[in-house]
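Visitor: Using the sequences and the accompanying hints, generate a full structural model.
This is what each chain is made of:
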Amino acid sequence: MSRRIWLDITGIHPGSDAAVFALCLDAALRRAGADVQPCHRTPGMQALGAAELTQILTLAADEPALPPVLQQGWGFGARRLPERTRVAIGHFLRLQKAAMAAWRGLARAAITARHPEQMPDLARPNAGDVLLMLCLSGDAARFAANGVLLVLLATDTTVLARPEWRTPEEVAQAEIWRRTTLPLVAITAATSDEGLTLLTQAGAKRPILLAGAADAIGALSPQSTHPRRFVLAGGEIGEAGQTRQLLLTWRRLQELLPADAVPDLVLAGPVEALSADVLEQLRNSRLLGGRARLVMHPGAELVASLNRDCLFAIAPSPSSGWGRATWNALAAGAPCLSVFAAYGAVPFDAGNAAAVTARVRAWLADPPARPSLPRRDWDTVAETLLRELAR
Amino acid sequence: MNRLWVDVGDLFNYAGVFRRPSGVQRVLFELGQALAASDPDGARTGFVRHGASGDFVPVRWADITALFAGLSDEAPAAEAPRARKAGLLAQAVAAQLAALRALLAVPASLLPAPSDRTTTAAPMRPDDMLLIAGTGWTDPHAVARVAAAKARCGVQVALLVYDIVPLRRPEWFNPITTARFREWLDGMLALSERLLAISVATAQDLAAYRRECGLPDRVVHPVRLGDGFSDQEAENAADPGIDGPYALFVSTIEIRKNHALLVDVWRRLIARLGADQVPALVFAGREGGLTGDLLAKLRTHGGLDGKIILRHTASDADIAALYSGCAFTLFPSLYEGWGLPVTESLVFGKPCFASSATSIPEAGGRLARYFDPLDPDDATRQIERLLQDPVGLAAWQAEITRDFRPVPWRHTAEAVLAGLA
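Read top to bottom, the protein sequences are chains P and C. The numbering of the first sequence is this note's numbering, which starts it at 6 and goes up by one. The numbering of the second sequence is this note's numbering, which starts it at 4 and goes up by one.
Quick caveat, the hints were computed from the structure, so don't treat them as lab data. The hints are all genuine.
Take a look, some chain C residues computed to stay more than 10 Å from chain P by CB distance:
| id | residue |
| --- | --- |
| 1 | ALA46 |
| 2 | LEU74 |
| 3 | VAL410 |
With the C-beta cut set under 10 Å, the calculated list includes, among others, these residues of chain C facing chain P:
| id | residue |
| --- | --- |
| 4 | VAL20 |
| 5 | LEU103 |
| 6 | ARG104 |
| 7 | LEU107 |
| 8 | SER112 |
| 9 | ASP142 |
| 10 | ALA263 |
| 11 | ARG302 |
Keep in mind it's a predicted model, so treat the numbers as computed, not measured. Quick reminder that beta carbons are idealized off the backbone N, C-alpha and C, glycines included.
Guide: Put into C-alpha cells, the structure is as follows:
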C-alpha cells in the first residue's frame, strides 16, 4: 500500500499498555513495509521522529504515592473567632470553591471551542492518507474533509454502551467519530464480539476486528515491591472502572474477615473520567487504612510484575481495551476475575459489590490454578491491519 | 439526678448560618420539646447554650421554639441550574451569587446573639446531669467547655451518640472532619458518666469502639427516637407536580446514601421491563459530598432519559407533598445511626424498600422491606416484583396504615430519663 499511515498517539499515557501497543504496532507496520508517520495533536498536528515517539511513549509515569493530605485545620487566629463565624466562613469557602469550579468550567469550554483555530498544524496528512488514531481524542474529524481516511483503533465502546460513565465532551466526540471514522476493533478476538455488535448497532462505518495485542509486556518483569500479599485490580480507575464497587467490596471483606485474612488491594490503571470522587474517598481513608495502594497510569513493566506477584487479578472495567487488563493478568499467569469471559478468566458482575465479595472470599479460601496463555505475534496484527486498510 | 441540663447550643450555632434544620437539629428540638412538656415549670429540666465566656448559660425553651420556628427553608445554595439548557454561564453566576450571599452572612455572625449577653453561668450542681446531644465535633471548644463545667461545678455528663460513621468509614469525610470527630468523641467519652445511642446498632458500634480504644466496658443505652416531626403535615400536602407514578428517595445527595445503587437499579429495571413500565425515581435533597461524578453521570444521560428527577431545593412542604404522592419510597443507605427517612415514610403511610445495613432495620421494623445495599440484583428483583404486583403494593400500604403506630417523642424523652437515672 503506497499511502502513508499517520500513527496518531494523542491522548496515550507514557508507559501505559496503549503506549506499548503503539510502539509494537509502529515497529510491526514498518517491518511489513508500510509508510508510517507517527504524530500527535496538541491540538495542532505535529509529526514525530522514531526517537521522539519512543521518548514520548516510554517516559516513566508511575505515580505510586498520593498527594499529601491537607493536615492543617483552622489556624491560631481563626480558632479565636466565634464558632458560628467559623461555620459561616467555612460555608462561604465551600460555596466559593463551587463557584470557582463553575467559572473554570466556563473558561475551559470557551478555550476548547477556540483552540482548533488558534493552533496551526505543523504537518498535515494528504488526501488518501490514513490517520490511525490510537485513542479517541480531540478534533481529528476536521481532516476527513480533506480526503483523509480516519481510522480509530477502538479498544472499547464504553462511550456507546454506557455514556453515563463518560463526560459529555467524550459523548459528543464519539458521535462525530461514529459518523466520520472507520473503527478498527482491537485487542482480543474472544472479547471483542460485544464491541463489534455495539459498533454495528450504533451505525459505525465498517467495524473491523483486529485481534492480538499487548503480548510484548510479558517479557518485561522486574520484581514488584509490594510488601504484603495483594489482589490486583487492573484497568481504569473511575466510574467505568467500578473502583467505587471495589472499595465497598474491601470494606465488607474487612467487616467479614479477620484483618490478617484480607489481602491488600492494589489499584493500578489509568485515571479516567469521573474519578474525582473515588480518588477523594481513597485519600480520605488514607487508602483504606493502609490496606490499599493506588498506582495511577502504571507502566507496562510494573503492570507485568504486579500481575505476576498478585494472589489473583480483578478486571472490573468493561472499557479497558476489551479485556486488556484480563489479557495482561492471564499472560502473566495470574488467575483473573473479569467482566469478560475469555481465555479462562472467570466472569463476574463487577457492578455488584456483594457478588464480588463472595467471589473474592471463595478465591481467598480456595486459590485457583494459575493459567497459561499462548503468545501472540505482532506481525500478524500488522498484516491484518494493512489488509483491512487496503479494502 | 437532681436536674437535667440539655445543651442546645448546637441549635443556635446552626441557626446562625443555615436556614433549614438537618436531622440532628430536628431530633434535638423534638427531644427538648418533649422534655420541656414533661416538666412545664422547668424544675427538673433546663436548657443551656454556649455563652461568650465559654460557660453554659441558661436559655428559655420559648427562645428555642422561636429560633427553631425561624429555621425556614434555606435559599438554594450552590444549587445552580443543572440542566444542560441552562448553560455553564448561568451555573457560574448562580454559584457565585450563592457564595456572595454566604459571604454576607459572615459579618452578621460576628455580632453576639441575644443570649450571648447573658453572662451568668447555668447553676449546675454535682448531682445535676448535662446532656450533650448535638453535633459537638463541629465546635473545637466543645470538649474544653464541658470539662470546665465539670471542673467548676462537678456536673455529671451524658452523651447521646448519633453514629460514629466518620471513624468507621473515613473515606466519606474530609480528613479534618474525621480528626475533629475522633478528638471530640475521645474527649467526650472520657468526660461522660452516661452513654446513650439512638439505636442498638449505634450502641454496639460505640461499645466496640470503646473496646478498640482500651476503655473499660460501659453500658450504652439505646434510645428509640420518635417518629415524625411536629412541623410535618401529611394531611395538607400539596400537589408534588410530577406526572405519573414515582418512587421517592428523600436524603441529602451524598456518597454514603448510595444514590448510585438506585441509578443502577433503575437502569436495570428499564432494560428488563421497558421505560413505560418503570416509574420515575425522585431524589429529593440537597447536594452533599462526593457525588459530583454521580451527578455528572446523571447529566450526561439526562437522568436516564428523564426517569430520574432531582429536587435539590425541596422545602418541607414539598417533601410532604412528594411523600403523599409517591407509590413507595427507597432508602439504600450504606451506613446510618438510625434511619429517619424510613420512619418518615411510614409516618406518611408509604411502603419503604430500605437497606439492610446497620441500624436501618431497627427503624423500619417489620413494616419496611430490605435489600443488601451492595447488591443491585437483590434490589432490582424486589422492586421489579413489586412493580408487577400492584395488589401486593396496595396490601403493603394498607398494612402500614393499619399497623404502624408512631412512637411519640414523649417516649423518647422518658427513655432518655430512664437511661440517665
